[in-house]
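*Asks:* Listed below are the residues making up each chain.
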Amino acid sequence: MLIIDSHVHYMKVEGFKRSIEEELLAIMDRLKINKAVLMPLEALFPFRGVQENERIISVSRRFNGRFIPVVTVNPWRDDAVDELRGLLSKGAKALKLHPLVQGFTPINEIVYPILDLAEKSNIPVIFHTGTPIYSMPLQVLEVALTYPKLNIVMGHMGLGEYWWDAIRAAKRADNVYLDTAGVRYLPVLEKAVRVIGAERILYGSDMPFLSPELELEKIRLLRISEHEKESILGLNAQKLFNLSVSKDHK
Amino acid sequence: MIQISYISSGIVDFQVEIGKSRHMGVSLTVDEALKEYRDYNLKCLVIAPLRGEAYNVEVKLVNERFRELLNTYKDRKVIGLAAVNPWHWEDLKTRIEGYLKRGVFKGIKLFPSIQGFHVNDEIVYPIMDLAAKLRTLVYVPSGYPPQTPLEIADLASLYPEVKIVMGHAGFSDMWIEVASALRRNDNLYVDISTQTQIRAIKRAIRDLGPHKFVYASDMPFSHPRLELYKVKLLGLSEDEKEALLHGNAKELLRVV
Numbered sequence: 001m002l003i004i005d006s007h008v009h010y011m012k013v014e015g016f017k018r019s020i021e022e023e024l025l026a027i028m029d030r031l032k033i034n035k036a037v038l039m040p041l042e043a044l045f046p047f048r049g050v051q052e053n054e055r056i057i058s059v060s061r062r063f064n065g066r067f068i069p070v071v072t073v074n075p076w077r078d079d080a081v082d083e084l085r086g087l088l089s090k091g092a093k094a095l096k097l098h099p100l101v102q103g104f105t106p107i108n109e110i111v112y113p114i115l116d117l118a119e120k121s122n123i124p125v126i127f128h129t130g131t132p133i134y135s136m137p138l139q140v141l142e143v144a145l146t147y148p149k150l151n152i153v154m155g156h157m158g159l160g161e162y163w164w165d166a167i168r169a170a171k172r173a174d175n176v177y178l179d180t181a182g183v184r185y186l187p188v189l190e191k192a193v194r195v196i197g198a199e200r201i202l203y204g205s206d207m208p209f210l211s212p213e214l215e216l217e218k219i220r221l222l223r224i225s226e227h228e229k230e231s232i233l234g235l236n237a238q239k240l241f242n243l244s245v246s247k248d249h250k
Numbered sequence: 001m002i003q004i005s006y007i008s009s010g011i012v013d014f015q016v017e018i019g020k021s022r023h024m025g026v027s028l029t030v031d032e033a034l035k036e037y038r039d040y041n042l043k044c045l046v047i048a049p050l051r052g053e054a055y056n057v058e059v060k061l062v063n064e065r066f067r068e069l070l071n072t073y074k075d076r077k078v079i080g081l082a083a084v085n086p087w088h089w090e091d092l093k094t095r096i097e098g099y100l101k102r103g104v105f106k107g108i109k110l111f112p113s114i115q116g117f118h119v120n121d122e123i124v125y126p127i128m129d130l131a132a133k134l135r136t137l138v139y140v141p142s143g144y145p146p147q148t149p150l151e152i153a154d155l156a157s158l159y160p161e162v163k164i165v166m167g168h169a170g171f172s173d174m175w176i177e178v179a180s181a182l183r184r185n186d187n188l189y190v191d192i193s194t195q196t197q198i199r200a201i202k203r204a205i206r207d208l209g210p211h212k213f214v215y216a217s218d219m220p221f222s223h224p225r226l227e228l229y230k231v232k233l234l235g236l237s238e239d240e241k242e243a244l245l246h247g248n249a250k251e252l253l254r255v256v
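If you're matching them up, the sequences are chains S and R in order. 1 is the number of the first residue of the first sequence in our numbering; add one for each residue after it. 1 is the number of the first residue of the second sequence in our numbering; add one for each residue after it.
By construction, these hints were calculated from the structure, which means they are not laboratory data. We put the CB at the ideal spot given by N, CA and C, even for glycine. Each hint should be verified, as a subset may be incorrect.
With the Cβ distance kept under 7 Å, some of the chain R side facing chain S (calculated, not the full set) [claimed, not checked]:
| no. | residue |
| --- | --- |
| 1 | Trp87 |
| 2 | Tyr144 |
| 3 | Thr196 |
The calculated lysine-lysine pairs, modelled on BS3-like cross-linking and capped at a C-alpha distance of 30 Å, are [what the hints assert, rightly or not]:
| no. | chain 1 | residue 1 | chain 2 | residue 2 |
| --- | --- | --- | --- | --- |
| 4 | R | Lys232 | S | Lys229 |
| 5 | R | Lys202 | R | Lys133 |
| 6 | S | Lys12 | R | Lys232 |
| 7 | R | Lys74 | R | Lys101 |
| 8 | R | Lys101 | R | Lys133 |
| 9 | S | Lys93 | S | Lys17 |
| 10 | R | Lys250 | R | Lys232 |
| 11 | R | Lys20 | R | Lys77 |
| 12 | R | Lys232 | S | Lys17 |
| 13 | S | Lys90 | S | Lys32 |
| 14 | S | Lys171 | S | Lys90 |
| 15 | R | Lys20 | R | Lys74 |
| 16 | R | Lys202 | S | Lys12 |
| 17 | R | Lys43 | R | Lys232 |
| 18 | R | Lys20 | S | Lys229 |
| 19 | S | Lys93 | S | Lys32 |
| 20 | R | Lys20 | S | Lys191 |
| 21 | S | Lys32 | R | Lys202 |
| 22 | R | Lys20 | R | Lys250 |
| 23 | S | Lys191 | R | Lys133 |
| 24 | S | Lys229 | S | Lys171 |
| 25 | R | Lys202 | S | Lys171 |
| 26 | S | Lys32 | R | Lys232 |
| 27 | S | Lys229 | S | Lys149 |
| 28 | R | Lys93 | R | Lys20 |
| 29 | R | Lys101 | R | Lys77 |
| 30 | R | Lys77 | R | Lys250 |
| 31 | S | Lys191 | R | Lys35 |
| 32 | R | Lys60 | S | Lys229 |
| 33 | R | Lys20 | R | Lys43 |
| 34 | R | Lys43 | R | Lys74 |
| 35 | R | Lys77 | R | Lys232 |
| 36 | R | Lys202 | S | Lys17 |
| 37 | R | Lys74 | R | Lys250 |
| 38 | R | Lys93 | R | Lys74 |
Construct the complete structure from the given sequences, taking the supplied hints into account.
*Replies:* Dropping the structure here:
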């Protein structure tokens, strides 16, 4: 079965002895995860930036498509659009925004110029959701309604307590996708499938921050059809990120 | 599916919610919960009413229904927590005290986020006074406000004679408060159900010792297969596993 982890962080955790990418790949091989959508972490913080973004792009090139490179830019910076344009030309496939860490609410027009570019470039934008006061699903819905051609992923689908807002957002806007990383309750995922169908739900693990073993097992335990599980585990991400996958799922 | 052959210890599931609720449209019976443990050495299920109406509009009725339910499982490894609500305490207190004194329930459960109060609000004090008088266990789910781990710890600091178990180890991002909360309060314990930040749990067990942690499934919101798999991933010693799965709960509940 094709498994694409739509929410993976480029970060070192306790126990990592080799490079981050080698450790992540080892986990992916062990758990039979074909591809990972690899997101920056340090680059979210204002004092880091381009270096980590470019490292992620270079890692994705080295490992033959196993990693889908995601970058971030800070909308407060005057050069954010130019920076994003440059990263896209080097191979970035999606944009990650973390409104809480980066200090903006999604409904602030400050973010529009980079969203304009993302829309023109036809790349998905992944928002962290679920952490007040920014990063709230209904704030991100405003973005989705303003940019109906832009595919938006609600990372964590509202996380602990805002899952219903995330489901409502996906119900109201067809360009909203929900990733399952860190969702605690099985009935929440089952309800999301009942309300919006499985086609816009993406398996994500938040690894190495959270446990990919548990996050995968959660999907397997859901009381949904096998086809719905397959869609969530990989087929939806393959379509969203426009990925070609060989017959042996490489 | 993961094969769970590494669990040989007896198990106490510290939190299973029973009933039917409009909240997430879920339901669970005791028999359904017991069935999930048919391949394990289950010592006891600790059940409480399913979250939702039972903790507010139906709180005056739910405990009587639960009392009758527990009567049917007298020999079969099921003990119960009573639902209490500080807004209805005047109407509830006499009956709850009677239940606790007669051993019908082994503890009480508060649900601040459904009931509309901060867990450390003074409105809770009369309930805690009774818990202190009867040395009754108090269970509170933990996570976002109004029931963060440090808010629960604040309550624990005022009632050091009351054992308090906070459910879900901070639930989501509030795992960040769990270790600090536990460290300051000898009477505070935690169940690790639904908390998937495994490294934080591991570190807390390493730093504080395993005696403050109990296993729970939080059915129907999580599942024993997932929660027991988590126990495996924690990589504990046999003694630590035994404490988590059974020994600590046995101490807390003094019944199994």
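*Asks:* Now look at each hint and say whether the structure bears it out.
*Replies:* Evaluation of the provided hints:
Nearest Cβ of chain S to the Cβ of R/Trp87: about 21 Å, over the 7 Å cut. The hint is violated. Contact between R/Tyr144 and chain S, as hinted, is supported at the beta carbon level, the nearest pair being about 5 Å apart and thus within 7 Å. This hint holds: R/Thr196 has a C-beta 5 Å from the nearest C-beta of chain S, less than the 7 Å allowed. For a cut-off of 30 Å, the pair hint linking R/Lys232 to S/Lys229 stands: about 24 Å separates their Cα positions.
Distance hint between R/Lys202 and R/Lys133 is unfulfilled; the C-alpha atoms sit about 34 Å from each other, more than 30 Å. Between S/Lys12 and R/Lys232 the CA atoms are separated by roughly 22 Å; this keeps the pair inside 30 Å, and the hint holds. Our distance criterion of 30 Å between C-alpha atoms is met by R/Lys74 and R/Lys101, whose separation comes to about 17 Å. For the suggested pair R/Lys101 and R/Lys133, the alpha carbons sit about 11 Å apart, so the restraint of at most 30 Å is met.
Restraint check: the Cα-Cα separation between S/Lys93 and S/Lys17 comes to about 28 Å, which is no more than 30 Å; the hinted pair holds. Straight-line distance between C-alpha atoms of R/Lys250 and R/Lys232 comes to about 21 Å, which keeps the hinted pair within the 30 Å bound. Pair hint R/Lys20 plus R/Lys77 holds up; C-alpha atoms about 21 Å apart against a cutoff of 30 Å. With a C-alpha separation of about 22 Å, the suggested pairing of R/Lys232 with S/Lys17 holds against the 30 Å cut-off.
This hinted pair checks out: S/Lys90 and S/Lys32 have alpha carbons roughly 28 Å apart, not beyond 30 Å. About 34 Å separates the Cα atoms of S/Lys171 and S/Lys90, which puts this hinted pair outside 30 Å; it is violated. With a C-alpha separation of about 22 Å, the suggested pair R/Lys20 and R/Lys74 falls inside the 30 Å cut-off, and the hint holds. The suggested pairing of R/Lys202 with S/Lys12 holds, with an alpha-carbon distance near 17 Å, which does not exceed 30 Å.
This hinted pair checks out: R/Lys43 and R/Lys232 have alpha carbons roughly 19 Å apart, not beyond 30 Å. With a C-alpha separation of about 26 Å, the suggested pairing of R/Lys20 with S/Lys229 holds against the 30 Å cut-off. Using a Cα cut-off of 30 Å, the hinted pair S/Lys93 and S/Lys32 holds, with the two alpha carbons roughly 22 Å apart. The straight-line distance between the Cα atoms of R/Lys20 and S/Lys191 is roughly 16 Å, inside the 30 Å bound, and the hint therefore holds.
Pair hint S/Lys32 plus R/Lys202 holds up; C-alpha atoms about 25 Å apart against a cutoff of 30 Å. About 28 Å separates the Cα atoms of R/Lys20 and R/Lys250, which keeps this hinted pair within 30 Å; it holds. A threshold of 30 Å between alpha carbons decides the hint, and for S/Lys191 with R/Lys133 the separation of about 43 Å lies outside it, so the pair is violated. In summary, the hint linking S/Lys229 to S/Lys171 is supported, as the alpha carbons are separated by about 19 Å, within the 30 Å threshold.
A C-alpha spacing of about 38 Å is found between R/Lys202 and S/Lys171, which places the hinted pair above 30 Å, so the restraint is violated. A threshold of 30 Å between alpha carbons decides the hint, and for S/Lys32 with R/Lys232 the separation of about 20 Å falls inside it, so the pair holds. Between S/Lys229 and S/Lys149 the CA atoms are separated by roughly 26 Å; this keeps the pair inside 30 Å, and the hint holds. Distance hint between R/Lys93 and R/Lys20 is fulfilled; the C-alpha atoms sit about 25 Å from each other, no more than 30 Å.
Our distance criterion of 30 Å between C-alpha atoms is met by R/Lys101 and R/Lys77, whose separation comes to about 20 Å. This hinted pair checks out: R/Lys77 and R/Lys250 have alpha carbons roughly 12 Å apart, not beyond 30 Å. In summary, the hint linking S/Lys191 to R/Lys35 is supported, as the alpha carbons are separated by about 23 Å, within the 30 Å threshold. Proximity of R/Lys60 to S/Lys229 is assessed by CA-CA distance (about 41 Å); at most 30 Å being required, the pair is judged violated.
Between R/Lys20 and R/Lys43, the direct Cα distance comes to roughly 25 Å. Compliance with the 30 Å bound is thereby established for this hinted pair. This hinted pair checks out: R/Lys43 and R/Lys74 have alpha carbons roughly 13 Å apart, not beyond 30 Å. Between R/Lys77 and R/Lys232 the CA atoms are separated by roughly 24 Å; this keeps the pair inside 30 Å, and the hint holds. Proposed proximity of R/Lys202 and S/Lys17 is supported: the alpha carbons are some 19 Å apart, at most 30 Å.
A hinted pair counts as satisfied when its Cα atoms are at most 30 Å apart, and R/Lys74 with R/Lys250 qualifies at roughly 17 Å. Restraint check: the Cα-Cα separation between R/Lys93 and R/Lys74 comes to about 24 Å, which is no more than 30 Å; the hinted pair holds.
Violation of the numbered hints given earlier is confined to hints 1, 5, 14, 23, 25 and 32; the remaining hints are satisfied by the structure.
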